[in-house]
Amino acid sequence: MNEPSISGLLPYIPSPRTLWKSFTFWIWVLFALLIANAIPDYVVQYWFNLSLGYQSIFWTNIYMQIFLFMIYGIAVALAIYLPMRLYTSSHLLKRASIHFSIWVGAFAGWLLAQEYLQFLLLSNGVPFGERDPVFGKDIGFYVYTLPALRIILTALGFLILLSFISFLIARWNELIAKKIKQKTHTKVRTTIALLFSPLYFRILLISFGVIVTIRTYFGRYSLLLKSNEDSGVRTGADYLDLQGFFSSLNRIYLATIVVVGLFLLATYIFHRINKHYGWITRTSNPKDPHPGGHIARLIRVPTTIGLGLFALYIGFSLCVIIRDSFFVKPNEPYIQLEYIDRHIKATNKAYRLDNIETHEWNPPKEPLSPENLLASKTLQNVPYLPTWVTYLEEPPDLHHYERINVSDSTMVFGPMLSIYQQQQQLRPYYDFLSVDGVRYSVDGQKQMFVSAVRELPSLAFIGKQEWLKYWGSAALLLTHGMGLVMSPANSIDEMGSPEYAVKDVPPMTTHPVLEHEPRIYFGEGAKDDYVLTNIKYLKEFDYATEQSRREFTFPEDLIDGLDVSSFFHRLIFALHTKDVTAFLFSRYIDHEKTRVHIRRTPMTRASSIAPFLFLDSNPYAFIADKKVLWMVNALTTSREYPYSFPEVLGDKADERAIETFPERIINYAEDSVKITIDAYSGEVHFYKIADDPIVNTWSRVYDDLFEPISAMPEEAKAQLTYPLQWFHIQFDDIYKRYHQKYPIEFYNVEDLWDDADETIGSIGRGLSGFGTRDQLTFSYEGYNILLDPADLPEGVEAGNPGELEYVMLLPFTPEGARNLRSLIIAFQDPEDYGKLVNLRIPQGMFVPGPEQNDAYICNDRPVHQQVTMWIRHASEVIRGGTFLLPIGGDLLYLETIWANSIQNELPQLKIFAVRYHDLITSGTTLEEAILNRNLVLGLLPASEGQSASDR
Amino acid sequence: MEDKSNMLTPDGRGPLSASVGWGYALAFLLMLFIFLILLPDAEGPSPWDAVAFQKGVLEMFANFRILDELADLSIVKVADVGKGILKVDLDLVSVSSRKFGWAPFLISLFFVSIALFLRGIRQRFLASHFKIPSSVRGQISTHYFGRGINLFFPFGPGDLGTAQALRQNGASEKPATQVVYYNRVFEVIGITVILLGGLIYLGWEGAVEPFLWTALIFAAVVTLTRPLGPTKDKIKRYNIPARIWGAFNGRALVQSLKELRSKPQLLFGLIILSAITLGIEIIGYWSIKQAFSSPMDDYILMKDLNFIHFAIAIAIANIARVIPYTFASFGIYELISVFMFRIFGEGYLSATTVTLLDSLLINGLTFVFFLFSLFLSKRPSILDTWRNFFDQSQVKIPKEILQPSNPGGEKNE
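Respectively, the protein sequence lines represent chains A and B.
Residues in the first sequence are numbered from 1 upward in steps of one, following the numbering used here.
Residues in the second sequence are numbered from 1001 upward in steps of one, following the numbering used here.
Simulated from the structure, these hints should not be mistaken for laboratory data.
Take the hints with a grain of salt, since some may be wrong.
Claimed, not checked - Pair by pair, the computed Cβ-Cβ distance ranges are:
(1) A:H873 - B:R1342: 18 to 26 Å
(2) A:L33 - B:Q1255: 31 to 39 Å
(3) A:S565 - B:I1272: 50 to 58 Å
(4) B:E1209 - A:F568: 18 to 26 Å
(5) A:G463 - B:K1258: 32 to 40 Å
(6) A:A38 - B:K1258: 31 to 39 Å
(7) B:I1272 - A:R549: 29 to 37 Å
(8) B:R1342 - A:P330: 32 to 40 Å
Unchecked claim - PhoX-like mimics (lysine-lysine), calculated; alpha carbons at most 20 Å apart, straight line:
(9) B:K1263 - A:K464
(10) A:K137 - A:K226
(11) A:K626 - A:K717
(12) A:K137 - A:K345
(13) B:K1303 - A:K527
(14) A:K539 - A:K593
Quick caveat, the model's predicted, so the values are computed rather than measured.
For each residue, glycine too, the CB sits at the ideal point set by N, CA and C.
Sequences are here, hints too, so could you generate the full structure?
So, in C-alpha cells, the structure goes:
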C-alpha cells in the first residue's frame, strides 16, 4: 500500500466544474426534500377540511396559491433565463441558468404564494362605504388594494433585479468572450458602457422606472398611516403634510416627477451609448474605438439635467423642513386641530368606540341600609369565587418576578384552579388547565358558575409522564378527558371551600341542565398530539370505576377522524406526524375502521380552517344541549385604516393563555366571529355576528364558512362573551386616551386614564415578614359579574331592571393618580351583546379607586390582625380580586381574603371585606360583612385571638 | 462548439478565480438568506412583512443584549423612554429590563479558548509522533496561524500556511504536511465520536429522526466541504455513500489510522483528546447560549433543547469548519447550524441567534489566537500563503491519487 502523496494531503481550490456539480446535486436534493416535506402537510390539510365539511376552503386557498406560484414562479424563471438565452453564447452559463431559473423561480413563487390571503381579499373586497378625508378613497382601497399592490410592486422589483443580475452576468461573459476590451483598446468605462447598451437593459430600466414611479406616487397614501407624534396627530397626515405649497404631499408629487425624469434620462443615455458604441459588439474588426465621441460628451447634458432635478427635490425638501420649523411648529396646536380631530374620530371608529354610551356617575352621598344592600341582585350574585387566574405579566417585571419565583410558578392568583386540582383531579392523568366563568339558567334563575374542564393533557403538552410513557398509552388508550367541574360562583361551604354543581368521575350533577356528554377528545391540553380510535384488539380507556376500569370506543357516526384505509393514507400520516413506525407497522390499526384525530385544541382547530381570523386566547367550555362546546372569540383585523392609531393585539395573552395566538399589529378590528367546537365530536361552526366589511369579504371568499348567528343554538348563544383581548385593547390601550374627544383636550392630554391596579396574590410567601411591601400590585383585566340593571345609575338604559345581565367590567383611574375615574361596562347577553357603557366620575370628585380601597382594607384592624396571625402560624394569605360593584346607583368594593396551607395548596376563602362609603367591614360570609358584625376574630380560639390582638 | 478555453486552464483545473469568487459570493448569499428569509419568518408572518422583519431583527439584537447599550448611545429609544433614532417597542420585541450575570459568558470564553488550545496541543503530539525535533519552534502556535488564515480566505489555505510555518521553523516538508493532515483527521474523528455518542445516548426511539437528518446533512456538508482534502476518486453522481467516502478521502483516512495502529496508545489518546476538545467547545457554546438569555424561563434561548441534541447540531455544523468552504465557513456553518436546530424543533429566531453567537465566539477567539501566533514563531506572509495555495491548486493532481472509489475498503491497485 502506498503512502498518501503529500500533495494530496493539503486542501486545494476546487475547479468551478466540481463546485457546480456538487452544488446542483445538493440543491436538487434539497428541493426534493422540501417538496416531500410539504406534500403530506397539504394532503392532511385537505383531509382535515374534508372531514369537517370545509373542503371548499381548501380548494379556494390552493387555487390562489397555485395561481400565484405559477405566475410569479414562471415570470422569475423567465426573467433569469431570457438574458442568458439572448446575450451569451456560453453553453455552461446557459445550462446553469436553466437550473438557477427553476430554483429561484420556484422559491420566489412559493414566497408570493404565502400571500394568498391578501390576494383573496383583493379580489373579493366588500367596500366599507366610508371614505378617507384626504383623497376620498373608500377605506376598502387601503385595506384590500394597497397592501396587495405593495406586494406586487415589491415582487416585480425583485423580478427586475434578478433579471438585471442575470443580464449583467450574461453580457459580461459575452464581452469577455468576444475580447471586446482587447479589440477596442478602450478604457474600462467604454466596456461598462457596452455592458449596458442592449435594448433589454433599457426595457428593464423603464420597467423599474415605472415601478419606482408608482411606488413613489402611492407614497401619498402612506401619509394617512404616518406617525406624526410630534405634531399631536399621532397617526395620519397633519397640516404640514397636506396644506400649502411646501407640503409633504407636494414633495411626493415632485419626487414622482423627478423619478420619471431620472429614469427617462437614464434610458436616453443608454440609448445614445448603444447608438454610438453598439456596433462594436457586432463587428469582428473595429477600427475606431471612439467613432461617436467620448462617453463623457454623450452623457454630459442628460446628467446635468438629472442632477438639476435631484437638486430641485433636495431644495424642495429643505423648504418643507424650514417651513415646518418656522411656520408650522410655532403655530401649533391651533393649525393641527382639524387633523387631530380626524385622528380621534378615525381611531374611535376603527376600534368601535364611537357608539359608546357615556354617563356621568355621581355616587349618592347617602348610603343604602345593609338590608337594601343585601336585597341587591347584583350583590347576591357577585362571583366572589374567581373565574380567572392571574399570571405574572410579560414582559416580566423583575421586581415581581423575584418575589413570585420562590414558588417556581408564574401564577399570582388562582385559588379555584388550585382547589380543583386538589379536590377534583382525582386521577394522575387528568388535570385542570384553567377556570372560566359561565352562566346558566337554573330553575329560571340566571346563575354564574366557575367551570373547568377535566382534561387529559397530551404528551406534547406535559412531557413524558409515567402514564404517557408508551406510544400505546399516549395514542391509543388515554384519548380523552372526563367532563366538567363546576361550582356556583357565589357560594361557599362552612370551610370556605366551593360547593360543587358538577363533580367527580363520571360527572355527577345537581341539576338536569348541567348534565353533559363527558368525553373530552378536543381540549386545550391536546396540543400537537394525535390519537387513534376504533383500533383493533384494544378499546380506549374511558374512566376508572370504583375498583376497575371502563372502556369506550369512539362512535363511528361522529364526524371527526381521518381514515387510514389505504397505504397512501398511512404513509402520508407517517410523514406528517413523523411517526413512521406507528402508522406503517402497527397491527392495532384497523384499515377499515381506525380513525386519526389531529389538531385537537380549539385554537389549532379553528386557525387551521380560518387562519385569517385573530383568535382570542381564552377559549372556554360550556354545556349546550348536553354537549360540551368550546367557544373561541374571533376578530377580523386590519392595520391599514387611515388616521387610526396602531396597537398590538394579543400582547396581554402571553401571560395567561394556554395556547397563544401570534400577536398582530392592528389599527382596525371587529368582534365579528364566534366559533364553537364540540369537545366530543370535534365539529366546528363559524358564526358571523357582525356586519363588518372585512368579515363580509371573507364570507364572499368562502361561501360555506360562516353561518348566521341565528343558526347558533340558543344555549350556545346564552354563553356569548365579549373577547377579553379586544376589550383590553379597546379600553386599556385606546379609550383611556381617545375618550378625550375635543382636539385641544386630546393635544393637551388633560384627562389620560390608566387601568386601575389592585393588590392581589400571596402576601409574603417565602418572605420573612408581613407588610404591605410584600404584596403585589397588578393591573385589572376585565372581570365578569351578573349585574342587575336596576343597580346602575339613573339614565343608563340597558337590559331590564330585575333581570340579571352578564357584563364585563374594567375600572380606570387617572394616569398617575389612584382615585376612581371611570367604570367601563360591556354587556354580553345576546339581546344587548356588545353594548358599551362608560360610567364616568366627575373630574373634581374624589371616589377611592381599587388600590386605595385595598390599602384601607389592609389597614383595617380586624383584617390586619387576622392576616398577621395566619402568617405567624405558617399559613399563606392570599389577597383575592377586588370587585368594584355598582349597587343601587352607588359604589361598593368587595375583596376576598384566602388562607392557604404552605405545605399543601388548598386555599379557603376566609374573609369577605367590604368597603361602602367610609366603612370597612368584614366577616366570614358576605352577609356578615355587609351587616358589619366583624366576626373574623371570633373564628379563632379565644386565647389565640386574644394573643393576636394583644400583640 | 463550446469555448473550452473560457472554462478550463490547460492543466484541466479551470479558472480558479471563479471558484474563489464563488467562495466569497456564496458566503454573502447564505448570510443574506439567513437575514432576509429566516429571521422575518421567526414568528410566522410573511417575509414580505416589514414589521415582522423589524421585529425579528430587533428581537435578535435584544437577545444580543445590546439594546440597553444602544439606548445609552441614543441610537434606540426603548419604548417611550429616553431619546433615540429608532423606537423599540418592548411589547413588540417582548423583552424588558433584564439583569444578566457575566459568569456564563466568561465560562464560554474560557471553554472555547481551552478547546482551541487543545487543538494546538494535539498538533504538538502529532509533531512528536512524526519525529519533528523538539527544537523546532511553533509546534503549537503554527496551528493558530493556519486557522487564522482560514478566517479570511475560502477553501482552507490555512493548512498549507501551518505546514509552511512549520517548515520555516525547521521541520521538513513531509512530516510538516503529515502533522497538519493528521490533525485534521482527528478533528473529523472527534466529530464522529461525539455524533455516535449522541445518537447512541438518544437510543433507538429518540435517534431515528435525528439520525436520518443528521446523515443527510452530514452527507451534504461532507461532500461540499471535503473535510479530508482532495481525493479524486471517480464517483457516480448519485452514489451518495461513495460521494461521502470520496469526500472524506476515505482511503487516505483508513490508511492513516492503520499507520497509527502501531502506536495504539497514541491513537486512542488522540481520539479521546479530540472528543474532549469538541465536547469542551460544545459546552462553551452552550454557555454562551445561557449567557445571552434572561433569567426568566421564557427568555432562555432554546430552553427546550436538550444538551445531546445541541451537541449533535454543533458537531454536524463543525464539519464545515474542518476545511472551510467559504472564509471562516461564513454562511455555511450558520446555515447548517440553524437547519440542525430547526430539525430539533427550535424556532428560526433563537436558532439564528445562538448560531451567530457561536460563530462570533469561535471566530473572535480564533482571531485573537491568530494575532498571538503572528509573534510567537516564524511564519510565511499571509498573502504569500494564499498565493502559494492558489498556485498549488492549479497544479493537476498526480495520477497516482486519481483512483476509483472503493467504499468497501478493498484495495484497488
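Going through the hints against the structure:
Remark: the range hint 18 to 26 Å for A:H873 to B:R1342 is contradicted by a beta-carbon distance near 53 Å. Taking 31 to 39 Å as the suggested C-beta distance range, the pair A:L33 and B:Q1255 conforms, at roughly 34 Å. Look at A:S565 against B:I1272: about 54 Å separates their beta carbons, and that is inside 50 to 58 Å. The hinted range of 18 to 26 Å is satisfied by B:E1209 and A:F568, whose Cβ atoms lie roughly 21 Å apart.
Take A:G463 and B:K1258: their Cβ atoms lie about 47 Å apart, and the range 32 to 40 Å is violated. Checked against the given bound of 31 to 39 Å, the beta carbons of A:A38 and B:K1258, roughly 46 Å apart, lie outside it. Checked against the hint of 29 to 37 Å, the pair B:I1272 and A:R549 fails, with Cβ atoms roughly 53 Å apart. Checking the proposed 32 to 40 Å range against B:R1342 and A:P330 shows it is violated: the Cβ atoms sit about 56 Å from each other.
Proposed proximity of B:K1263 and A:K464 is contradicted: the alpha carbons are some 47 Å apart, above 20 Å. For the given pair, A:K137 sits about 17 Å from A:K226 by alpha-carbon distance, which is consistent with the 20 Å threshold. Annotation: proposed proximity of A:K626 to A:K717 holds, straight-line Cα distance about 14 Å (limit 20 Å). Among the hinted pairs, A:K137 with A:K345 is consistent with the structure: their alpha-carbon atoms are about 17 Å apart, no more than 20 Å.
A hinted pair counts as satisfied when its Cα atoms are at most 20 Å apart, and B:K1303 with A:K527 qualifies at roughly 19 Å. Distance hint between A:K539 and A:K593 is fulfilled; the C-alpha atoms sit about 13 Å from each other, no more than 20 Å.
Checked against the numbered hints given earlier, this structure breaks hints 1, 5, 6, 7, 8, 9; the rest are met.
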